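Please construct the entire structure, taking both the sequences and the accompanying hints into account.
Taken in order, these protein sequences are the chains called A and B. Letter by letter, the first sequence follows residues 5 to 211 of my numbering. Letter by letter, the second sequence follows residues 5 to 211 of my numbering.
Accuracy of the hints is not assured; some may be wrong.
It does not matter which identical chain is meant; a pair holds if it fits inside one copy or across any two.
Straight-line Cα separation of at most 25 Å, DMTMM-like style, residue types lysine to aspartate or glutamate; simulated pairs [unchecked claim]:
1) Lys78 with Glu190
2) Lys78 with Glu130
3) Lys78 with Glu51
4) Lys78 with Glu138
5) Lys76 with Glu157
6) Lys76 with Glu191
7) Lys111 with Asp31
8) Lys78 with Asp31
9) Lys78 with Glu191
10) Lys76 with Glu190
11) Lys78 with Glu157
12) Lys78 with Asp154
13) Lys111 with Asp154
14) Lys78 with Asp92
15) Lys76 with Asp31
16) Lys111 with Asp25
17) Lys78 with Glu43
18) Lys76 with Glu99
19) Lys78 with Asp61
20) Lys76 with Glu51
21) Lys76 with Asp154
To be clear, the hints were calculated from the coordinates, so they are not data collected in a lab. On a predicted model such as this, the values are computed, not experimentally measured, just so you know.
Protein chains: 2
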Amino acid sequence: MSAAPRRSDRTSRSDRTSRSDNSRRSDSTRAAILAAARERFATDGYERATIRAIAADASIDPSMVMRYYGSKEKLFATAADFDLHLPDLSQVPREQIATTLVGHFLKVWEGDETLQALLRAGATNESAAQRMREIFGTQLGPTVASIVADPGEAGTRAGLLATQMLGFALCRYVLRLPPVVSLRQEEAVAWLAPTVQRYLTSDTASS
Amino acid sequence: MSAAPRRSDRTSRSDRTSRSDNSRRSDSTRAAILAAARERFATDGYERATIRAIAADASIDPSMVMRYYGSKEKLFATAADFDLHLPDLSQVPREQIATTLVGHFLKVWEGDETLQALLRAGATNESAAQRMREIFGTQLGPTVASIVADPGEAGTRAGLLATQMLGFALCRYVLRLPPVVSLRQEEAVAWLAPTVQRYLTSDTASS
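Written as structure tokens, this is what we have:
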């Protein structure tokens, strides 16, 4: 019990230089962890990437990873740096926008298992859900805003688009409902594109 | 190391009656746990219901709950006994089927937080995902089969319906995308019903 005050005394004697050294060390440790995490998650996938392996890659103790990031899910949500690479829709003929978008989304989901991992993590972890809201707000939102007639409706239309595309991803890759898993990619595009087209361009909800 | 054979010897001496007593005790313990879990999850909701409280309600040790069910998520998936109370669509005029279904789903989702918990659990836990596939197969599947023109297409059409309705639930209740959260219920029905109508009744994917 007497050790705590002594440690605290010692800390208060530490000079400005060593404090800023500590802070720099902490920043560079975090950066090393994030860099290692990004590479591990990309290479091994979310499930197989372990805190232990990430710590080893960053040459630090696993307990430090937990101290800085709390859990694998939170580390993942912080490291996840997804660029959906959405196409420039202003260059796409109006009647092909939905087909282009749906096809693009399916390619992204099939090609990047970390996006599936983010969806799974987002369902139970608030940091990951927050990351999905950011992706929605900074990438999907502006893309939809660039093509809708009334910018005031861009948020709602982007939200509806998200309900359909994330719902498809949920049923196909996460819950694995058999008839959704067995749809061929071109069938999926043929079914989903008219839905997305309506969400983006119909005059009113029920038209 | 020598204890194992001795225990095994002792077990082999136990008579038929005590074995079946054990098995009956185990069955009744499981039943007591499930009954307590159903009540706790319904009363307290998934997040607040604890293994400790469920064990206390069933008058057994929490370690026994974990021994029988492994985790709170698995216990929940086993206890979850959802009846979607889908309406008899054969009695609904054809052009009102989608509006009726979408309105019904929204009421179910808004009224039962355990269904939201099942969706969250299903994203990360295979037992819960399996439970969602069962609900899909035994409740949504037959309902859709009762109204589609070609029974061979019922699975695909029910799957597409699921992608939209589960995707809406995911974005509104779990990920909480702002524009989806802020949709009024009647706006949601107006946007989603034409999608569902098309998935259930359109002649071909792209019509």
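Subject >> Which numbered hints fail >> reply: Violated hints (numbers, rising): 1, 5, 6, 7, 9, 10, 11, 12, 13, 14, 16, 18 and 21; every other hint is consistent with the structure.
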